[in-house]
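Engineer: Read off the chains here:
2 protein chains.
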Amino acid sequence: MTTATTASSFAQSDRAAIDVVQIDLAERSYPILIGQGESLWQEAHAHWPKGTSAVIVTNDTVAPLYAKALRQRLEGHYPKVIEVVLPDGEQYKNWETLNQIFDVLLGQAADRKAVLFALGGGVIGDMTGFAAACYMRGVPFVQVPTTLLAQVDSSVGGKTAINHPLGKNMIGAFYQPKLVVCDLDTLKTLPAAELSAGLGEVIKYGPIYDMAFFEWLEANVQALVAQDVEALRYAVRRSCEIKAAVVSADETESGLREILNFGHTFGHAIEAGKGYGAWLHGHAVAAGMVLASHLSTKLGYQQDAQFHARLVALLEQAGLPVQAPVLDATNNAQRYLDLMRVDKKSQGGAIRFVVLKPAGKAVTEKVDDAIVANLLNELITA
Amino acid sequence: MTTATTASSFAQSDRAAIDVVQIDLAERSYPILIGQGESLWQEAHAHWPKGTSAVIVTNDTVAPLYAKALRQRLEGHYPKVIEVVLPDGEQYKNWETLNQIFDVLLGQAADRKAVLFALGGGVIGDMTGFAAACYMRGVPFVQVPTTLLAQVDSSVGGKTAINHPLGKNMIGAFYQPKLVVCDLDTLKTLPAAELSAGLGEVIKYGPIYDMAFFEWLEANVQALVAQDVEALRYAVRRSCEIKAAVVSADETESGLREILNFGHTFGHAIEAGKGYGAWLHGHAVAAGMVLASHLSTKLGYQQDAQFHARLVALLEQAGLPVQAPVLDATNNAQRYLDLMRVDKKSQGGAIRFVVLKPAGKAVTEKVDDAIVANLLNELITA
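Top to bottom, those sequences are chains A and B. By the count of UniProt numbering, the first sequence reaches residue 382 at its end, each step adding exactly one. By the count of UniProt numbering, the second sequence reaches residue 382 at its end, each step adding exactly one.
Simulated from the structure, these hints should not be mistaken for laboratory data.
Covered stretches of chain A, going by a simulated chain B footprint (3 or more residues, C-beta under 8 Å):
no.	region
1	92-105
2	125-135
3	170-182
We treat Cβ as the ideally placed atom computed from N, Cα and C, and that holds for glycine.
Input sequences plus hints: build the corresponding full structure.
Structural biologist: This is the structure:
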């Protein structure tokens, strides 16, 4: 569905109901379950992959909150449940931390029938997925995203990776989970900054694909910020539906899928330039979307004078930054360009951007350095 | 074809001819080209994947011999050719060395249209393939194997990996090359130990799949040891044909493909137990095949009293060790069992072995620890 659902329509929905969004990739297809409470976990239980052991990979922030409950749910299903608790933070999304997962797996003699469970946000999901892709050349894994960002974006679609000092997500694999379980109850413990970071990715789906959803977001942003669970349920479901449609059409990012990176080329430069972890990914993407929207206007693709102001207003109401930072006091535009040139969308030296043509539909295009530099010089001031 | 070709029949073959063996994996299909001289490289040229740059990954032994020639062949086809020279040896098949490839790729701003070329033996092929699988979540790669072992086994079939201190090839991916180019001329520079290591994998294909090939090997082992290029050409082609048939039927080792690991469960224990690099892989596999053949007899599957002696004689004529080493002076059998339990074929604690049922056909089976321990105690003495 691409029509907007109003706040009043979801207010009457059955709280025990589970929303299911299917990712359709032939033999790699899998469901995303969205819900809360026992009804959700009973349904998840029916979908657990078979295996000789379950390995919960989580971090030291999430573990005290949810690891025990997940362990209890898995113990009835797997002969052995193992836990790996990693340090929390984007700065640990590297080979050394990944290797801690392998050390535990091999130390516990986990075999090819081990099933990994990623319990946490995007960093945990990306690292656990990549560990599952590589361990013994591939073991099954399940995403249990506990942040809004992970539920609406990173846990869905099979992109897994770690960072390299010279670039974000440079080492990774396309590797699909067997199942994604989005427990809306976990969003209740989310700090405001993490919630807004997730809303950045939610808002993204409007301009690239569905302006009716953008309008719904404008009408419901206060409910989302207030963590109204039914507003969040709809936002998660609609985001997953859009992501599912895009990923099912282009699993390995050879075309359409690139539109999901709206705001990300600028955003990745912000994250790398400030040092991973200094800016939350969703915040960097928000500031990046503002730049990408400006770029779309500059290229003549986005002529609705209202839209840009609406995007900025919505991001601000969601608690997101709309001003990209200075990365280099003496030559800021060049620094942005250098950082963006190692982006994975880059080909043969030219930097490719996702632009709106117009709002509601995104395309990917190479843009001359000079145009981008002018834009950066114009919009980013110390 | 599964019939034997005699030495006299290949003696008349056209030296300029190129043998092509096709790996049939739907959209991941690719050819193996086997030949020598300009005719081979002209054919290869027609198959190079498109790309913005070519990245030759090789080691400090192979680079002085063949890197310049390959660079010259690639320069006409790719705008940019980059070289990465790694230290030579199984002990460098680890994350630190793999990371050197990523450092160069990112340092040179190589993008998703970069094509990696693995120029070297099995270690280079496994690491380059894994780097290609992971870099930006996957870039194309070409295998240019320069050892017999790599030409007949490791370069074909898409198994890529690095070692972990707790186990060989534990971190990796199934990732197919776009092309394999086997230049028989490179075998002329191969040290005798490397040649025999390759013959270990060649000999393997007889007992697991094709006893007519085993007979051909018995008749031609002297020519192979003397590096007769036409004997080698047939051995490489027939080995690749058998591997192609097996891999095409089971890409990700969920069944049939496991038979290619005949001798490898014991062999991996020898490699790990002696420390990676102390025993060449092909030598460890040879000693492992002798144990696996004994195990087949002990289980009652291999009743031809002659076969075992023929296998040992053939391995010895090929210059291969047939006696497995002591790995632990006080409790050798237990040490072997412990090392074998982390093998990727292991499931739920039971160790699975490839056994002959009978010679010419292999199956995979769980075997009780007690039976294996008895065998090891019987056959391995200090």
